[in-house]
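Asker: Read in this note's numbering, the sequence shown has 126 at position 76, and its numbers run on one by one without any break.
Among the hints, a few may not be true.
[Said to hold, decoys possible] Here are the simulated lysine-lysine pairs, DSS-like style, with alpha carbons at most 25 angstroms apart: (1) Lys-157 with Lys-195; (2) Lys-98 with Lys-195; (3) Lys-88 with Lys-98; (4) Lys-98 with Lys-185; (5) Lys-157 with Lys-185.
Derived by calculation from the structure, the hints in this document are not laboratory data.
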Amino acid sequence: MTGPVNDTVRDRLESELTQPLASLGLDVEAVEITPAGKRRILRVAVDKDGGVTLDDVADATREVNRVLDDSDVMGEHPYTLEVTSRGVDRPLTLPRHWRRNESRLVKVTPQEGGVFTGRVIASDEDGATLDVSGKQRRVAYVDVKRALVQIEFNRPGSAAGDPGDTEEGDA
51 MTGPVNDTVR DRLESELTQP LASLGLDVEA VEITPAGKRR ILRVAVDKDG GVTLDDVADA
111 TREVNRVLDD SDVMGEHPYT LEVTSRGVDR PLTLPRHWRR NESRLVKVTP QEGGVFTGRV
171 IASDEDGATL DVSGKQRRVA YVDVKRALVQ IEFNRPGSAA GDPGDTEEGD A
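Construct all of the structure, not just a fragment, from the sequences and the given hints.
Answerer: Laid out in structure tokens, this is it:
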């Protein structure tokens, strides 16, 4: 469900949710509204340093419900609320996304040049340094068209069987 009216609702929701969720230590990563029959599904994705726990999602759900109860932003139309973590399938678009994925393998599609995969060594407000085949490569965020975390089995520095460590990377 896109369009000027829905974009306005989504932008207003994001604006109204940012501060209350920040007070819980959470960032609003995405707000999506999609049609589902006579209802709408409102999805709010949140994230924080160190990752989001089930307790964080429960706290965020309560806070989003409180904000929505005090607001008319969703109007009179029925909706279903889903609060979720950001997920690894979302592109890295902000400096905090890169920071939160240090030590992870990332597939980078630059604005110009070929696609490459490297491990995030460090990041700052302007770019990230990746280990690409044993060599450090600095990438400015403005030069990145798309960047996605590659899920790995036995990721270096992780304990075997960590949740979310399943293979999805390049074959």
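Asker: In ascending order, which of the hints set out earlier in this document are inconsistent with the structure?
Answerer: 3, 4
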